[in-house]
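Visitor: Residues per chain, in single letters:
Protein chains: 2
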Amino acid sequence: MSKQISLGIDIGGTNTAIGTVAQDGTVINKTSIPTPKDGNVEAYVASIKSTINELVSALKALDPDAEVLGIGIGAPNANYHKGTIEHAPNLAFKGVVPLVAKLKEAMPEMKYISLTNDANAAALGEMIYGGGRGMKDFVMYTLGTGVGSGIICNGDLLYGHDGFAGECGHTMLVPGGRMCGCGVQGHLEAYCSAGGIKRTAFELLAHYNATDSLLADKSYNELEAKDVSIAASKGDKIALETFKLTGDYLARGIADSIHHTAPEAVFLFGGPTAAGDLLMNPLKEALTKYLLPTFKNADGTPKAKILISQLKAGDAAIVGASALVWKELEK
Amino acid sequence: MSKQISLGIDIGGTNTAIGTVAQDGTVINKTSIPTPKDGNVEAYVASIKSTINELVSALKALDPDAEVLGIGIGAPNANYHKGTIEHAPNLAFKGVVPLVAKLKEAMPEMKYISLTNDANAAALGEMIYGGGRGMKDFVMYTLGTGVGSGIICNGDLLYGHDGFAGECGHTMLVPGGRMCGCGVQGHLEAYCSAGGIKRTAFELLAHYNATDSLLADKSYNELEAKDVSIAASKGDKIALETFKLTGDYLARGIADSIHHTAPEAVFLFGGPTAAGDLLMNPLKEALTKYLLPTFKNADGTPKAKILISQLKAGDAAIVGASALVWKELEK
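If you read the sequences in order, they're chains A and B.
Count the first sequence with this note's numbering and you get residues 1 to 331, in order.
Count the second sequence with this note's numbering and you get residues 1001 to 1331, in order.
Read the hints as simulated data drawn from the structure, not as lab findings.
Among these hints, one or two may not hold up.
[Claimed, not checked] Simulated pairs of lysine-lysine, DSS-like, Cα-Cα distance not exceeding 25 Å:
1. 1136/B with 331/A
2. 1082/B with 136/A
3. 1136/B with 327/A
4. 136/A with 1331/B
5. 1305/B with 82/A
6. 1331/B with 331/A
7. 305/A with 1082/B
8. 1303/B with 82/A
Construct the entire structure; sequences and hints are all you get.
Guide: Structure follows, in structure tokens:
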């Protein structure tokens, strides 16, 4: 029996990662090409095509029977319905790029080519390969430079009318609060992204005038969220309170997602989850404050499971994107 | 050709309204029975059955060919998946009531019997009979004593894992803010329900010491949201600012719903919508502040249409509930 393979493409601001993925979510081989700085779509498509051909040739050298089914793509500002990337602020492409149509033209041998935003792809990856296997309703928050999310309802991604649903990173947490990257004040992303965690730490340093904190000797541009995590694990009070507050902020947004979609579970993915219980315990505790009784157990704990993603950090974007192919196959 | 009819039941804390509804959403006849104060489910089911038999007999006297297809029920704390009403604080029933099973036993001639919460039923009513005809993705907020909501995704209600999705009235608007009926501080319902509007008016009276306001001569227990609406239409400054603030509060919650589900439209239903542009204009203006660019037009206005429900106020609950039958028929 031939082994079925899907391709995952993760389009980032600087690089585009491309890999071949087995049906169990294992990345077989992968590589990376630059995302064009000049916005030249034709050259980019040609480069993706030749890279895929190399990966597939190498794969077939190992397993001549391998059958490549299609390509799944995760990208910022991706419109699933139209197969386009639209006005992505961190990419050099101008306006609306019909990437799926162009790839289908270049590679007619691919049965399925499909595109969605990176957080949606991660949620699909969790459902097809990760901790969401067997679940039909869950929400995934991806915590990184920004905060993305993907909502799985009834076994499929919630796309909404125009394909852009699932922007839970822009839940209003603090009216008139911190400036978010999108230009609106008080959004969750400004509090719960890696940068948001740093901002909380700096606010607390200033609030307590905490000259003895392990975080007090790094500049704003030097400090990273992982430094806060390391300091917290050493018992630093500012770092511990930073995670406590981050858990509380995140709980407000997750409570909103639970009230909207009644998921079986909420998965968290990304760098800040490496803090483990330092983040998860305050998050779960705060959820008991913010949830409607309908969404809580008799002991006050959330009915929805609050879980860390089972996707491997390094491969998650490729693996998530490749999950689109399996999802299309089901349809 | 026989005319197909569905029955709608709206279970309220005091009364249960029951009506027969034509396929165009017209209520043909309707009546009301008391919702039991003693929590006796058996007697309640018998009473519903005899009331339905009377309504159907009267209907068949008018149109002997009328075919009754089934019963749709809107109720608080309703679990669509299980057909149960669960721990409803405003009903006398104890614990979990398997209402659908009991009605099916009592009336085996009904092809479809189905139950959902009242706001979900209203959303279905909007899709089947109202302004949501032809739409596949929209959100409906019902503003009344509380604030309910129903989310239509991909042409069906979003139920979530346990059937309780769509509680947008409990979006956290103001951390540490007003006490909500559910016991959590700062939820949308405490700001945008009819009572929430009154609370805003009283806060503003106190803030400005507005002894000359048209609202300054009624007690807290006397004043109703519609008094605020009347005063606003006369140019009363406190009343106008009350609606401006209500629109702003509502916009924060609706922005969250748009960020989660990317709807084609958001419908508002209920008493406070009688204020018309007094509410809708500040709401639309505030949405331009709170939405991600992805969800706005080039001129900053929301892409999602912000609309007042087309369901008739008096019949909406029965009509909405009856829509469940047509929805089940589609499946």
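Visitor: Please go over all the hints and tell whether each is borne out by the structure.
Guide: Here's how the hints hold up against the structure:
1. 1136/B with 331/A: holds (19 Å)
2. 1082/B with 136/A: holds (17 Å)
3. 1136/B with 327/A: The given pair, whose Cα atoms are some 21 Å apart, holds under the 25 Å limit.
4. 136/A with 1331/B: holds (19 Å)
5. 1305/B with 82/A: holds (21 Å)
6. 1331/B with 331/A: holds (17 Å)
7. 305/A with 1082/B: holds (21 Å)
8. 1303/B with 82/A: Distance ~17 Å between residue 1303/B and residue 82/A Cα, so the pair holds.
Of the hints listed earlier, there is not a single one the structure fails to meet.
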